[in-house]
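Engineer: Listed here are the chains, written in short residue letters.
Protein chains: 2
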Amino acid sequence: MLFKSIAIEWTGDRLKLLDQRKIPLEETWVECKDHFDVAKAIKDMIVRGAPAIGVSAAFGYVLGFLNALRFSKNELLDHMKKVRDILASSRPTAVNLFWALDRMEKKLNESLENKAEDAFKILESEALKIANEDLEMNKQIGRNGLSLFKNMDSVTLLTHCNAGALATSGYGTALGVIRALKESGKKVKVFVDETRPYLQGARLTAWELVKSSIESILICDNMAGWVMKQGWIDAVIVGADRIAANGDVANKIGTYSLAVLAKKHDIPFYVAAPYSTIDLSTCDGLKIPIEERNHEEVTHIMGIRIAPEKIKVYNPAFDVTDNNLITAIITERGVVTPPYSKKLKELFEG
Amino acid sequence: MLFKSIAIEWTGDRLKLLDQRKIPLEETWVECKDHFDVAKAIKDMIVRGAPAIGVSAAFGYVLGFLNALRFSKNELLDHMKKVRDILASSRPTAVNLFWALDRMEKKLNESLENKAEDAFKILESEALKIANEDLEMNKQIGRNGLSLFKNMDSVTLLTHCNAGALATSGYGTALGVIRALKESGKKVKVFVDETRPYLQGARLTAWELVKSSIESILICDNMAGWVMKQGWIDAVIVGADRIAANGDVANKIGTYSLAVLAKKHDIPFYVAAPYSTIDLSTCDGLKIPIEERNHEEVTHIMGIRIAPEKIKVYNPAFDVTDNNLITAIITERGVVTPPYSKKLKELFEG
Numbered sequence: 013m014l015f016k017s018i019a020i021e022w023t024g025d026r027l028k029l030l031d032q033r034k035i036p037l038e039e040t041w042v043e044c045k046d047h048f049d050v051a052k053a054i055k056d057m058i059v060r061g062a063p064a065i066g067v068s069a070a071f072g073y074v075l076g077f078l079n080a081l082r083f084s085k086n087e088l089l090d091h092m093k094k095v096r097d098i099l100a101s102s103r104p105t106a107v108n109l110f111w112a113l114d115r116m117e118k119k120l121n122e123s124l125e126n127k128a129e130d131a132f133k134i135l136e137s138e139a140l141k142i143a144n145e146d147l148e149m150n151k152q153i154g155r156n157g158l159s160l161f162k163n164m165d166s167v168t169l170l171t172h173c174n175a176g177a178l179a180t181s182g183y184g185t186a187l188g189v190i191r192a193l194k195e196s197g198k199k200v201k202v203f204v205d206e207t208r209p210y211l212q213g214a215r216l217t218a219w220e221l222v223k224s225s226i227e228s229i230l231i232c233d234n235m236a237g238w239v240m241k242q243g244w245i246d247a248v249i250v251g252a253d254r255i256a257a258n259g260d261v262a263n264k265i266g267t268y269s270l271a272v273l274a275k276k277h278d279i280p281f282y283v284a285a286p287y288s289t290i291d292l293s294t295c296d297g298l299k300i301p302i303e304e305r306n307h308e309e310v311t312h313i314m315g316i317r318i319a320p321e322k323i324k325v326y327n328p329a330f331d332v333t334d335n336n337l338i339t340a341i342i343t344e345r346g347v348v349t350p351p352y353s354k355k356l357k358e359l360f361e362g
Numbered sequence: 013m014l015f016k017s018i019a020i021e022w023t024g025d026r027l028k029l030l031d032q033r034k035i036p037l038e039e040t041w042v043e044c045k046d047h048f049d050v051a052k053a054i055k056d057m058i059v060r061g062a063p064a065i066g067v068s069a070a071f072g073y074v075l076g077f078l079n080a081l082r083f084s085k086n087e088l089l090d091h092m093k094k095v096r097d098i099l100a101s102s103r104p105t106a107v108n109l110f111w112a113l114d115r116m117e118k119k120l121n122e123s124l125e126n127k128a129e130d131a132f133k134i135l136e137s138e139a140l141k142i143a144n145e146d147l148e149m150n151k152q153i154g155r156n157g158l159s160l161f162k163n164m165d166s167v168t169l170l171t172h173c174n175a176g177a178l179a180t181s182g183y184g185t186a187l188g189v190i191r192a193l194k195e196s197g198k199k200v201k202v203f204v205d206e207t208r209p210y211l212q213g214a215r216l217t218a219w220e221l222v223k224s225s226i227e228s229i230l231i232c233d234n235m236a237g238w239v240m241k242q243g244w245i246d247a248v249i250v251g252a253d254r255i256a257a258n259g260d261v262a263n264k265i266g267t268y269s270l271a272v273l274a275k276k277h278d279i280p281f282y283v284a285a286p287y288s289t290i291d292l293s294t295c296d297g298l299k300i301p302i303e304e305r306n307h308e309e310v311t312h313i314m315g316i317r318i319a320p321e322k323i324k325v326y327n328p329a330f331d332v333t334d335n336n337l338i339t340a341i342i343t344e345r346g347v348v349t350p351p352y353s354k355k356l357k358e359l360f361e362g
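Chains A and B supply the protein sequences, listed in that same order.
Under this note's numbering, think of the first position of the first sequence as 13, with each following residue one higher.
Under this note's numbering, think of the first position of the second sequence as 13, with each following residue one higher.
Check each hint, because a few of them may be wrong.
Identical copies carry no separate label here, and so any pair may be met within one copy or between two of them.
[Claimed, not checked] Calculated lysine to aspartate or glutamate pairs in the DMTMM-like style (CA-CA distance at most 20 Å, straight line):
#, residue 1, residue 2
1, 241, 303
2, 223, 195
3, 276, 334
4, 275, 334
5, 34, 321
6, 162, 358
In case anyone wonders, no lab produced these hints; they're calculated from the structure.
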């Protein structure tokens, strides 16, 4: 039983990860033989994106088990607790990481009476299930997104950051919709915001789209408004880090400005994200804490200083886009349009 | 007779220029002993900004004359024609460059009957006049801008690119208004857009403001909208490359997006520029050609590749901001408010 995406490969006894830190300059794969290697890969950001981290941790858990086949049951339980802890501490704020490890742990407990080799197969198949479920979910998001582009033979989109195959177990969310449009036979063109400060657009999205032979044009973030004004953009599509109960969306810094600019130019603004991103316990965007990241991300690029030493910096990682700027939210359960408070609740009830 | 600004120094027989390519990492001054050195400094972008280029060319003309004092009148005329050509070809699209050289040439023709030493003094004093007039004009723009911030004890501004002392013979236009606010005793804080792709904000404006002890905070361009949404910004202030007869403003790429965002947040949007930037022969912004610059500015930062090899790029140097997004245009002749078509014409007639 094997799995292979643009950035994650399970060979049966190894997890291979594309080193995303080196993209787009080099395509290097890192081979993980045990859970220590996987934890280090997550920590060092060789793999990034919440779903991709969850999938990697699940396979890391399988590798941890694989290296303990000869252990007694008690030794094994003790060992697997350590495996979990090591993987869990690799990126303590990643919710998908814990969710994946919980699923794996549950399967372990269910399979304790089996022979070790059989238990391994059960765990491996659970990890594969996590990977394939994520992949299928992204494809469903893509298919659902198609309904927003009916009767259009060619579509030009603008995207921000990387909500792509690199961040998931494949296909992507925002880029998944773009892939689905292309697969449906439409002519697709994508303007890619470089996405300062970490340049996920220039480094990852541009690489992923070129790799997938989707026509793409890189711009600096401050050019997006001007590009919209030229009438070149049919829709903006982005991912989401968290969606509040009222439809406010937290996503990579710059998303809010894009949404304001899209509104000004009467361009639809779409958010593509798995249903699990919707957090009904957060009533609105004001309740979403905005992480500030270190100043060197702004004052340095690729290790080179670009600003004077004494300058102060403001570097929020995310911003919140008001629900009234969002035309539709595309999930694997369907496309949600305003009023979001009502419709998102219905999505959960449905 | 001497002159010294943050980036230009005339010693009487040398022109010293701050090497702006090395700012903010190093403060290196380049010494020009003749017109060849000055032309090279302009060409190599050691000095940048239309007014600063004009002033440098004027002093380059003086240096060219200084090295020809022993020539006969005919030899001198022939030589000075070459001096002019060499300086004029250093940056063929810079209007201020030709304007300054025309002024110098006119003075040369007026002083041909004088002794060489006296003619030198006449030429030197004309170059100093060009420098000091520009400086005084910027200070007047600053003073005129104060009227827009009456009754405010503290002002937080957001600026883009570098419309500062570095680009002029000192003080600056947009940064000149900021300096005037500070000098008038107000508490001033400035958010500085880094201004991709060439990073004039991060490299030059941040350096200039830190150097002048004006509190400043560097942000990536895509953070400006979010910063406005926090309610932190009292006004946006930028420079201009060209102002059309109807008040449309061509300025560094990203200015248009900022103006849309300012409007959305009810934040005044000011343009500070010398009267000479207004071009009544250009009826509106649609008539202003937008230069596209080379793709490496976007795909590389400080010489390091940040995007995949095969990616396409769109890299407009400027954009045009519609007059209806501009609250006021601050010139040395006064502050102009809508309707611009009428008021800008009056400025010329007055």
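Engineer: Going through the earlier hints one by one, which of them does the structure break, listed in rising order?
Structural biologist: Per hint list: single violation, 6.
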